[in-house]
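Below, each chain spelled out in residue letters.
There are 2 protein chains.
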Amino acid sequence: MTQATPPTAAACPVDAFGTLAIIGLGLIGSSIARAVRAAGLPTRIVAHDGAPAVRARVAELGLADVVANDLATAVQDADLVILCTPVGTFGALAKGFGPHLKAGAIVSDVGSVKAAALAAIAPHLPDHATLVPAHPVAGTENSGPDAGFAALFRNRWCILTPPAEAPAVAVERLSDFWRALGANVELMDAAHHDLVLAVTSHVPHLIAYTIVGTASDLEEVTKSEVIKFSAGGFRDFTRIAASDPTMWRDVFLTNRDAVLEILQRFNEDLTALQRAIRWGDGEALFNLFARTRDIRRTIIDAGQDTARPDFGREDPSPATAGQA
Amino acid sequence: MTQATPPTAAACPVDAFGTLAIIGLGLIGSSIARAVRAAGLPTRIVAHDGAPAVRARVAELGLADVVANDLATAVQDADLVILCTPVGTFGALAKGFGPHLKAGAIVSDVGSVKAAALAAIAPHLPDHATLVPAHPVAGTENSGPDAGFAALFRNRWCILTPPAEAPAVAVERLSDFWRALGANVELMDAAHHDLVLAVTSHVPHLIAYTIVGTASDLEEVTKSEVIKFSAGGFRDFTRIAASDPTMWRDVFLTNRDAVLEILQRFNEDLTALQRAIRWGDGEALFNLFARTRDIRRTIIDAGQDTARPDFGREDPSPATAGQA
Chain A
10 MTQATPPTAA ACPVDAFGTL AIIGLGLIGS SIARAVRAAG LPTRIVAHDG
60 APAVRARVAE LGLADVVAND LATAVQDADL VILCTPVGTF GALAKGFGPH
110 LKAGAIVSDV GSVKAAALAA IAPHLPDHAT LVPAHPVAGT ENSGPDAGFA
160 ALFRNRWCIL TPPAEAPAVA VERLSDFWRA LGANVELMDA AHHDLVLAVT
210 SHVPHLIAYT IVGTASDLEE VTKSEVIKFS AGGFRDFTRI AASDPTMWRD
260 VFLTNRDAVL EILQRFNEDL TALQRAIRWG DGEALFNLFA RTRDIRRTII
310 DAGQDTARPD FGREDPSPAT AGQA
Chain B
10 MTQATPPTAA ACPVDAFGTL AIIGLGLIGS SIARAVRAAG LPTRIVAHDG
60 APAVRARVAE LGLADVVAND LATAVQDADL VILCTPVGTF GALAKGFGPH
110 LKAGAIVSDV GSVKAAALAA IAPHLPDHAT LVPAHPVAGT ENSGPDAGFA
160 ALFRNRWCIL TPPAEAPAVA VERLSDFWRA LGANVELMDA AHHDLVLAVT
210 SHVPHLIAYT IVGTASDLEE VTKSEVIKFS AGGFRDFTRI AASDPTMWRD
260 VFLTNRDAVL EILQRFNEDL TALQRAIRWG DGEALFNLFA RTRDIRRTII
310 DAGQDTARPD FGREDPSPAT AGQA
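Protein chains in written order, with our numbering: chain A, 10 to 333; chain B, 10 to 333.
Read the hints as simulated data drawn from the structure, not as lab findings. Be a bit skeptical, because a hint or two may be false.
The list treats identical chains as one, so a pair stands whether inside a single copy or across any two.
[Said to hold, decoys possible] Subject to a maximum C-alpha distance of 20 Å in a straight line, what follows is the list of computed SDA-like cross-link-like pairs (lysine to any residue):
1) K232 with A200
2) K232 with G312
3) K232 with T280
Kindly produce the complete structure, drawing on both the sequences and the hints.
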């Protein structure tokens with residue numbers, strides 16, 4: 010295995026933030042800390058997590074210059090605060106740290122739902138702080154401070170959804186920050202973001218969770234059979250269905266309308282295929298199956314997935330492990 | 010990238026088939042040819058494909074000892090005939106080669122639906138041939154003779170569904186053949202196979218095809234947005250939805266009842282989640298999301314998927330390609 014090259018310092022000098030406070034050191038928060046270091050940004054990192062065990066682990070891993078035990082200490086010197094916790098926690102956290110923000114601070118987040126993030130955070134910020142919500146579209150199925158890595162954001166897209174009143178300079182500084190971490194940046198309206206992500210992320214996760222649950226609950230097919238024969242396609246879905254349950258609960262609770270809209274369309278399309286199967290309409294099946302092939306090629310050409318067959322999986326099977 | 014080790018000759022000497030006829034040289038058929046060679050089996054390989062271009066390519070690649078231009082020539086000396094074409098072609102092919110089978114020949118296939126395979130092939134075989142349907146649960150999203158590789162079956166399961174009248178010795182010889190190619194072998198009733206695969210393979214494919222189609226058809230979200238932000242989960246589904254359209258059309262037409270049964274359960278489960286989202290029932294969402302995590306761990310422990318995050322993807326992005 011060759012590890013992807015970590016991001017290097019951007020060619021243009023970045024107007025780096027002096028002090029960055031990361032709230033929540035899971036997969037994304039700890040990856041930001043690592044990517045800031047790998048990019049060589051001259052930024053002081055202050056980390057805070059609500060879980061004492063995570064704070065201890067962050068200290069052990071040396072991910073931050075300071076590990077703060079409380080929110081007030083974490084944000085008091087910060088030029089940029091990034092919330093990296095589940096969306097459902099944003100309101101309470103912002104209420105807790107809002108009064109301690111220094112003048113000119115930019116507050117951002119990495120939540121997968123942006124209208125809800127804005128609504129939860131904005132009411133608790135003082136006038137002298139600027140809110141610029143963000144969403145790096147990147148991740149793995151793993152969670153926690155050990156799961157992060159510096160290259161996570163490389164060539165992925167980070168979507169910023171600044172409210173109309175956000176100063177352009179703040180949006181530009183945050184854009185530069187994400188570019189320095191290897192990401193491409195796109196600006197978008199929060200409501201549109203939530204619809205786009207409902208189709209490219211939220212509904213796919215819901216479907217994956219559902220089919221894994223359906224398979225687990227069958228009386229006529231044993232769990233052992235589901236496991237053994239999972240290479241027929243099912244195993245792909247189990248990766249996504251292994252994602253963090255709290256984060257995903259909050260996504261569905263806070264992006265309800267867009268998710269329900271996409272789900273409705275998905276249901277209609279699935280019902281049409283179900284009917285084609287029942288009535289033996291091979292042409293309808295073939296026509297759909299033939300046109301979906303093209304979209305994968307486009308994703309690969311856009312650098313958003315690997316061209317290697319089967320994702321380039323190398324199964325560390327007991328058999329090969331024994332012979333290696 | 011390290012290529013998985015190709016299968017080596019089995020420790021016990023295999024009662025290898027003298028002549029093997031492979032009908033259909035796509036991903037699976039060409040992988041069988043390669044795996045037979047890699048395993049060092051002393052088997053003569055005769056290849057036939059209905060497409061002249063495929064026959065020419067098979068000859069160029071040197072995948073067979075003989076490339077036969079017609080079915081009769083392909084099977085006339087064969088001790089084992091394996092059909093590696095879409096299930097919908099089995100009846101016509103068996104009718105074509107049945108009269109030319111030699112005494113004692115074993116006929117098998119690699120179709121993803123087994124009751125239909127039996128029903129299509131059996132009526133056309135002479136009494137002096139034995140039918141033992143089989144299904145190696147392995148594959149990639151790619152098709153054609155160039156897509157195959159010798160290690161495809163390694164540590165994957167091959168399911169045999171012999172009819173009651175099949176002699177035990179024929180079943181055992183075919184089992185040995187698949188074991189020599191690196192597979193684990195399991196015997197199963199055809200109807201049960203079709204139900205198990207409906208949940209571990211067929212319905213997952215149908216769902217993937219559906220969501221990729223749904224995403225392509227949205228008026229409010231551009232194709233460019235779907236591509237850019239596909240790393241949020243959607244891209245996983247596009248791999249499966251890039252599979253061969255003819256093969257999958259035939260799977261759904263021939264495994265109708267089992268697919269509709271599993272789809273019905275999936276629909277019920279998805280509707281329950283949809284309702285939980287609409288009514289803000291976070292507990293119901295969390296409870297499902299928490300229990301599906303376990304099944305992935307079990308699949309990894311069983312050697313049926315990689316433990317590496319994100320399938321160990323290494324994205325050959327334009328950015329990294331330029332710097333490598």
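Consistency of the hints with the structure:
1. K232 with A200: between (40 Å within a copy, 18 Å between copies)
2. K232 with G312: Between copies only: 15 Å across, 36 Å inside.
3. K232 with T280: Intra 27 Å, inter 23 Å, cutoff 20 Å: neither.
Of the hints listed earlier, the one the structure fails to meet is number 3.
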